[in-house]
Amino acid sequence: MKKQFPLEQTEELDAVVSCFGEEFVSVDWSGDELKGVISVVLEPRLQPVVISATDGKDYRQFETKQLSPVDLHFRLPVVYPAEQAMIDVDCMWMPTSMRNTMVKRLGDVVHENVGSAVLFLCCEDVKKFVDGTEITELRLEGNHFARKNKMRPMEVLDVVRRECEKAELLEFEGHCHDCDVCFENKLGRECVRFSPCGHTFCRECVTAYFNERLTAQEISPLTCLSDGCESSVPQKLIIELLGQEEFDRYERILLSRVLDTMDDLAVCPRITCQKPAARSQAWVPLPLQILLIHSHELSCINRSF
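Going by the UniProt record's numbering, the sequence shown opens with residue 1, and the numbers climb by one from there.
Derived by calculation from the structure, the hints in this document are not laboratory data.
There may be inaccurate statements among the hints.
Said to hold, decoys possible - Below are the DSSO-like pairs computed for lysine-lysine, each with C-alpha atoms no more than 30 Å apart in a straight line:
| # | residue 1 | residue 2 |
| --- | --- | --- |
| 1 | 148 | 57 |
| 2 | 35 | 127 |
| 3 | 35 | 104 |
| 4 | 65 | 166 |
| 5 | 65 | 186 |
| 6 | 57 | 35 |
| 7 | 57 | 104 |
| 8 | 65 | 127 |
| 9 | 150 | 3 |
| 10 | 104 | 150 |
| 11 | 104 | 166 |
| 12 | 148 | 166 |
| 13 | 65 | 3 |
| 14 | 186 | 35 |
| 15 | 65 | 128 |
| 16 | 186 | 236 |
Claimed, not checked - Ranges of calculated distance between the beta carbons of each label pair, as one might list FRET restraints:
| # | residue 1 | residue 2 | range |
| --- | --- | --- | --- |
| 17 | 150 | 62 | 19 to 25 Å |
| 18 | 54 | 227 | 49 to 55 Å |
| 19 | 158 | 178 | 45 to 51 Å |
The beta carbon of each residue, even a glycine, is placed where N, CA and C say it ideally should be.
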(Lines of atoms letter the chains of each structure in order from A and count residues from 1; the text may use other names and numbers.)
(Lines give C-alpha, C1' and ligand atoms only; values in the text may rest on other atoms or scores of the structure.)
Protein backbone atom coordinates (compact mmCIF):
# COMPACT_ATOMS: atom_id res chain seq x y z
CA MET A 1 0.00 0.00 0.00
CA LYS A 2 1.32 3.45 -0.97
CA LYS A 3 2.14 5.90 1.79
CA GLN A 4 0.37 9.22 1.83
CA PHE A 5 2.35 11.88 -0.03
CA PRO A 6 1.45 15.48 -0.87
CA LEU A 7 -1.25 15.61 -3.53
CA GLU A 8 0.80 18.00 -5.66
CA GLN A 9 3.63 15.45 -5.86
CA THR A 10 1.44 12.46 -6.69
CA GLU A 11 -0.44 14.41 -9.35
CA GLU A 12 2.84 15.44 -10.98
CA LEU A 13 4.08 11.85 -11.03
CA ASP A 14 0.76 10.59 -12.40
CA ALA A 15 1.10 13.14 -15.21
CA VAL A 16 4.69 12.06 -15.90
CA VAL A 17 3.66 8.39 -16.11
CA SER A 18 0.74 9.27 -18.36
CA CYS A 19 3.01 11.24 -20.69
CA PHE A 20 6.05 8.95 -20.92
CA GLY A 21 4.46 5.56 -20.22
CA GLU A 22 4.78 3.17 -17.29
CA GLU A 23 7.67 1.33 -18.95
CA PHE A 24 9.78 4.51 -18.82
CA VAL A 25 8.97 5.70 -15.29
CA SER A 26 9.88 3.89 -12.07
CA VAL A 27 8.74 5.32 -8.72
CA ASP A 28 9.72 4.13 -5.26
CA TRP A 29 6.80 4.77 -2.91
CA SER A 30 8.30 2.95 0.09
CA GLY A 31 10.33 5.70 1.73
CA ASP A 32 9.54 8.95 3.46
CA GLU A 33 10.35 10.82 0.24
CA LEU A 34 9.29 9.99 -3.29
CA LYS A 35 12.12 8.99 -5.58
CA GLY A 36 12.48 7.28 -8.92
CA VAL A 37 13.87 7.20 -12.43
CA ILE A 38 12.54 8.60 -15.71
CA SER A 39 14.06 7.14 -18.88
CA VAL A 40 14.14 10.06 -21.29
CA VAL A 41 13.79 8.76 -24.85
CA LEU A 42 15.86 10.70 -27.38
CA GLU A 43 15.18 11.69 -30.97
CA PRO A 44 17.13 9.85 -33.71
CA ARG A 45 20.36 11.56 -34.75
CA LEU A 46 20.59 13.04 -38.24
CA GLN A 47 24.01 11.45 -38.75
CA PRO A 48 25.33 8.11 -37.43
CA VAL A 49 27.32 8.13 -34.19
CA VAL A 50 30.38 5.88 -33.97
CA ILE A 51 30.53 4.23 -30.53
CA SER A 52 33.76 2.42 -29.70
CA ALA A 53 35.76 0.83 -26.91
CA THR A 54 39.39 -0.19 -26.52
CA ASP A 55 40.65 -2.75 -24.02
CA GLY A 56 44.34 -3.47 -24.45
CA LYS A 57 44.77 -4.54 -28.07
CA ASP A 58 41.08 -5.23 -28.49
CA TYR A 59 39.09 -2.56 -30.35
CA ARG A 60 35.46 -2.69 -31.43
CA GLN A 61 32.89 -0.22 -32.64
CA PHE A 62 29.41 0.11 -34.06
CA GLU A 63 27.31 2.88 -35.59
CA THR A 64 23.84 4.02 -34.62
CA LYS A 65 21.48 6.91 -35.18
CA GLN A 66 19.43 6.05 -32.10
CA LEU A 67 21.14 6.56 -28.75
CA SER A 68 19.64 4.79 -25.75
CA PRO A 69 17.59 6.81 -23.22
CA VAL A 70 19.09 9.03 -20.54
CA ASP A 71 18.01 8.04 -17.02
CA LEU A 72 16.90 11.01 -14.94
CA HIS A 73 17.02 10.16 -11.21
CA PHE A 74 14.90 12.29 -8.89
CA ARG A 75 14.11 12.60 -5.19
CA LEU A 76 11.31 14.85 -3.98
CA PRO A 77 11.64 16.34 -0.47
CA VAL A 78 8.51 16.18 1.69
CA VAL A 79 7.83 19.89 1.14
CA TYR A 80 8.56 19.81 -2.62
CA PRO A 81 8.00 21.93 -4.67
CA ALA A 82 8.61 24.56 -1.98
CA GLU A 83 12.03 22.92 -1.58
CA GLN A 84 13.94 21.99 -4.73
CA ALA A 85 14.08 18.42 -6.00
CA MET A 86 17.31 16.41 -6.03
CA ILE A 87 18.22 15.52 -9.63
CA ASP A 88 20.95 13.29 -11.06
CA VAL A 89 21.69 11.70 -14.43
CA ASP A 90 22.89 8.23 -15.43
CA CYS A 91 23.70 7.32 -19.02
CA MET A 92 25.80 4.39 -20.22
CA TRP A 93 27.16 6.04 -23.38
CA MET A 94 27.62 9.61 -22.15
CA PRO A 95 31.17 10.94 -21.63
CA THR A 96 31.89 12.13 -18.09
CA SER A 97 32.41 15.75 -19.17
CA MET A 98 29.08 15.79 -21.01
CA ARG A 99 27.31 14.26 -18.02
CA ASN A 100 28.82 16.83 -15.65
CA THR A 101 27.61 19.66 -17.89
CA MET A 102 24.11 18.18 -18.01
CA VAL A 103 23.93 17.76 -14.23
CA LYS A 104 24.92 21.40 -13.79
CA ARG A 105 22.27 22.54 -16.29
CA LEU A 106 19.59 20.53 -14.51
CA GLY A 107 20.69 21.98 -11.19
CA ASP A 108 20.12 25.45 -12.64
CA VAL A 109 16.67 24.44 -13.94
CA VAL A 110 15.65 23.12 -10.53
CA HIS A 111 17.04 26.17 -8.69
CA GLU A 112 15.33 28.65 -11.02
CA ASN A 113 11.95 26.94 -10.67
CA VAL A 114 11.64 26.42 -6.92
CA GLY A 115 7.95 26.38 -6.08
CA SER A 116 6.97 24.80 -9.41
CA ALA A 117 6.84 21.25 -10.74
CA VAL A 118 10.18 20.58 -12.44
CA LEU A 119 10.22 16.96 -13.64
CA PHE A 120 8.83 17.79 -17.09
CA LEU A 121 11.17 20.76 -17.35
CA CYS A 122 14.16 18.55 -16.53
CA CYS A 123 13.16 15.91 -19.08
CA GLU A 124 12.76 18.53 -21.78
CA ASP A 125 16.13 20.05 -20.91
CA VAL A 126 17.79 16.63 -21.22
CA LYS A 127 16.36 16.24 -24.73
CA LYS A 128 17.29 19.80 -25.68
CA PHE A 129 20.85 19.40 -24.42
CA VAL A 130 21.51 16.07 -26.17
CA ASP A 131 19.84 17.17 -29.42
CA GLY A 132 21.87 20.38 -29.43
CA THR A 133 25.21 18.68 -28.77
CA GLU A 134 27.24 17.61 -31.79
CA ILE A 135 28.01 13.93 -31.30
CA THR A 136 29.94 12.10 -34.02
CA GLU A 137 31.98 9.68 -31.92
CA LEU A 138 31.71 8.26 -28.40
CA ARG A 139 34.50 6.40 -26.64
CA LEU A 140 33.38 4.36 -23.65
CA GLU A 141 36.65 3.81 -21.78
CA GLY A 142 36.43 5.07 -18.21
CA ASN A 143 33.18 7.01 -18.47
CA HIS A 144 31.01 7.55 -15.39
CA PHE A 145 28.80 4.52 -16.10
CA ALA A 146 31.80 2.18 -16.49
CA ARG A 147 33.44 3.37 -13.27
CA LYS A 148 30.22 3.28 -11.28
CA ASN A 149 29.42 -0.30 -12.33
CA LYS A 150 33.06 -1.46 -12.41
CA MET A 151 32.73 -2.69 -15.98
CA ARG A 152 35.44 -3.22 -18.57
CA PRO A 153 35.16 -1.24 -21.83
CA MET A 154 33.99 -4.20 -23.94
CA GLU A 155 31.31 -5.06 -21.38
CA VAL A 156 30.03 -1.49 -21.57
CA LEU A 157 30.13 -1.59 -25.37
CA ASP A 158 27.99 -4.74 -25.45
CA VAL A 159 25.42 -3.21 -23.09
CA VAL A 160 25.34 0.09 -24.99
CA ARG A 161 24.89 -1.68 -28.32
CA ARG A 162 22.07 -3.81 -26.98
CA GLU A 163 20.26 -0.81 -25.47
CA CYS A 164 20.71 1.30 -28.60
CA GLU A 165 19.24 -1.52 -30.70
CA LYS A 166 16.27 -1.72 -28.31
CA ALA A 167 15.78 2.04 -28.57
CA GLU A 168 16.01 1.86 -32.37
CA LEU A 169 13.39 -0.89 -32.51
CA LEU A 170 11.11 1.08 -30.19
CA GLU A 171 11.42 4.16 -32.37
CA PHE A 172 10.74 2.10 -35.51
CA GLU A 173 7.68 0.37 -34.06
CA GLY A 174 6.18 3.64 -32.87
CA HIS A 175 6.11 5.29 -36.30
CA CYS A 176 4.36 4.54 -39.60
CA HIS A 177 6.20 3.29 -42.69
CA ASP A 178 5.33 2.75 -46.35
CA CYS A 179 5.51 -0.82 -47.63
CA ASP A 180 7.32 -0.89 -50.99
CA VAL A 181 5.18 -3.84 -52.16
CA CYS A 182 1.56 -3.02 -51.31
CA PHE A 183 2.26 0.73 -50.82
CA GLU A 184 0.18 0.83 -47.64
CA ASN A 185 1.26 2.95 -44.67
CA LYS A 186 1.48 0.85 -41.51
CA LEU A 187 2.83 1.08 -37.98
CA GLY A 188 6.35 -0.22 -37.47
CA ARG A 189 5.13 -3.11 -35.31
CA GLU A 190 3.31 -4.35 -38.43
CA CYS A 191 6.43 -4.04 -40.59
CA VAL A 192 9.82 -5.65 -41.12
CA ARG A 193 12.99 -3.62 -41.64
CA PHE A 194 15.88 -5.54 -43.19
CA SER A 195 19.46 -4.98 -42.10
CA PRO A 196 21.84 -3.50 -43.08
CA CYS A 197 19.97 -2.16 -46.15
CA GLY A 198 17.11 -0.59 -44.16
CA HIS A 199 14.41 -1.57 -46.69
CA THR A 200 10.99 -1.78 -45.05
CA PHE A 201 7.97 -3.92 -45.95
CA CYS A 202 4.80 -4.87 -44.12
CA ARG A 203 4.79 -8.25 -42.39
CA GLU A 204 1.93 -9.53 -44.58
CA CYS A 205 3.91 -8.96 -47.79
CA VAL A 206 7.10 -10.44 -46.37
CA THR A 207 5.24 -13.54 -45.14
CA ALA A 208 3.54 -13.99 -48.52
CA TYR A 209 6.88 -13.61 -50.31
CA PHE A 210 8.60 -16.17 -48.08
CA ASN A 211 5.73 -18.65 -48.51
CA GLU A 212 5.87 -18.21 -52.28
CA ARG A 213 9.61 -18.90 -52.29
CA LEU A 214 9.12 -22.06 -50.24
CA THR A 215 6.27 -23.27 -52.44
CA ALA A 216 8.48 -22.84 -55.50
CA GLN A 217 11.37 -24.46 -53.58
CA GLU A 218 13.75 -21.67 -54.56
CA ILE A 219 17.43 -22.62 -54.39
CA SER A 220 18.85 -19.41 -52.91
CA PRO A 221 18.46 -18.37 -49.24
CA LEU A 222 15.69 -15.94 -48.33
CA THR A 223 16.73 -12.30 -48.67
CA CYS A 224 15.31 -8.77 -48.67
CA LEU A 225 12.38 -8.21 -51.06
CA SER A 226 13.98 -5.22 -52.79
CA ASP A 227 15.29 -5.96 -56.30
CA GLY A 228 19.00 -6.68 -56.29
CA CYS A 229 19.30 -6.45 -52.49
CA GLU A 230 21.04 -9.37 -50.81
CA SER A 231 20.48 -8.48 -47.14
CA SER A 232 20.03 -11.78 -45.34
CA VAL A 233 17.06 -12.70 -43.18
CA PRO A 234 17.66 -13.60 -39.50
CA GLN A 235 16.59 -17.11 -38.55
CA LYS A 236 14.46 -15.68 -35.75
CA LEU A 237 12.43 -13.60 -38.23
CA ILE A 238 11.76 -16.55 -40.56
CA ILE A 239 10.50 -18.65 -37.64
CA GLU A 240 8.40 -15.73 -36.38
CA LEU A 241 6.70 -15.23 -39.76
CA LEU A 242 6.41 -18.81 -41.01
CA GLY A 243 6.49 -20.95 -37.89
CA GLN A 244 9.00 -23.60 -36.81
CA GLU A 245 7.62 -26.34 -39.08
CA GLU A 246 7.92 -24.26 -42.25
CA PHE A 247 11.36 -23.04 -41.19
CA ASP A 248 12.55 -26.64 -40.80
CA ARG A 249 11.23 -27.39 -44.30
CA TYR A 250 13.05 -24.32 -45.63
CA GLU A 251 16.32 -25.52 -44.10
CA ARG A 252 15.86 -28.99 -45.58
CA ILE A 253 15.24 -27.57 -49.05
CA LEU A 254 18.25 -25.28 -48.76
CA LEU A 255 20.51 -28.08 -47.54
CA SER A 256 19.32 -30.41 -50.29
CA ARG A 257 20.13 -27.83 -52.97
CA VAL A 258 23.60 -27.25 -51.52
CA LEU A 259 24.36 -30.97 -51.34
CA ASP A 260 23.30 -31.42 -54.97
CA THR A 261 26.09 -29.07 -56.03
CA MET A 262 28.86 -30.76 -53.98
CA ASP A 263 30.44 -33.93 -55.35
CA ASP A 264 32.29 -34.70 -52.12
CA LEU A 265 29.15 -34.80 -49.98
CA ALA A 266 26.25 -37.20 -49.77
CA VAL A 267 23.33 -37.98 -47.50
CA CYS A 268 23.58 -40.81 -44.97
CA PRO A 269 21.67 -43.79 -46.42
CA ARG A 270 19.88 -44.63 -43.17
CA ILE A 271 16.30 -43.34 -43.22
CA THR A 272 16.49 -42.42 -39.52
CA CYS A 273 19.61 -40.29 -40.07
CA GLN A 274 19.73 -38.52 -43.46
CA LYS A 275 22.53 -36.22 -42.21
CA PRO A 276 25.06 -34.69 -44.67
CA ALA A 277 28.24 -36.72 -44.89
CA ALA A 278 31.64 -36.49 -46.55
CA ARG A 279 32.64 -39.29 -48.89
CA SER A 280 35.88 -40.89 -47.73
CA GLN A 281 38.47 -40.87 -50.50
CA ALA A 282 40.16 -43.90 -48.92
CA TRP A 283 37.16 -46.17 -49.30
CA VAL A 284 35.63 -47.80 -52.33
CA PRO A 285 32.87 -45.36 -53.40
CA LEU A 286 29.89 -47.55 -52.61
CA PRO A 287 26.67 -45.81 -51.51
CA LEU A 288 26.88 -47.21 -48.00
CA GLN A 289 30.57 -46.44 -47.49
CA ILE A 290 30.18 -42.92 -46.17
CA LEU A 291 32.11 -41.19 -43.44
CA LEU A 292 29.67 -39.00 -41.55
CA ILE A 293 30.60 -35.51 -40.47
CA HIS A 294 28.83 -35.85 -37.12
CA SER A 295 30.74 -38.20 -34.82
CA HIS A 296 27.59 -39.11 -32.90
CA GLU A 297 26.27 -40.72 -36.12
CA LEU A 298 29.23 -43.11 -36.60
CA SER A 299 26.97 -45.92 -35.45
CA CYS A 300 25.16 -45.55 -38.77
CA ILE A 301 28.29 -46.76 -40.55
CA ASN A 302 28.74 -49.70 -38.25
CA ARG A 303 25.15 -50.80 -38.77
CA SER A 304 25.49 -50.48 -42.54
CA PHE A 305 27.94 -53.37 -42.91
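A quick look at each hint next to the structure:
1. 148 x 57: Distance of about 24 Å is within 30 Å: holds.
2. 35 x 127: Holds, at roughly 21 Å.
3. 35 x 104: holds, 20 Å
4. 65 x 166: holds, 12 Å
5. 65 x 186: holds, 22 Å
6. 57 x 35: violated, 42 Å
7. 57 x 104: violated, 36 Å
8. 65 x 127: holds, 15 Å
9. 150 x 3: violated, 35 Å
10. 104 x 150: holds, 24 Å
11. 104 x 166: holds, 29 Å
12. 148 x 166: holds, 23 Å
13. 65 x 3: violated, 42 Å
14. 186 x 35: violated, 38 Å
15. 65 x 128: holds, 17 Å
16. 186 x 236: holds, 22 Å
17. 150 x 62: 19 to 25 Å: holds, 23 Å
18. 54 x 227: 49 to 55 Å: violated, 40 Å
19. 158 x 178: 45 to 51 Å: violated, 34 Å
Comparing the model with each earlier hint shows violations of hints 6, 7, 9, 13, 14, 18, 19; every other hint is respected.
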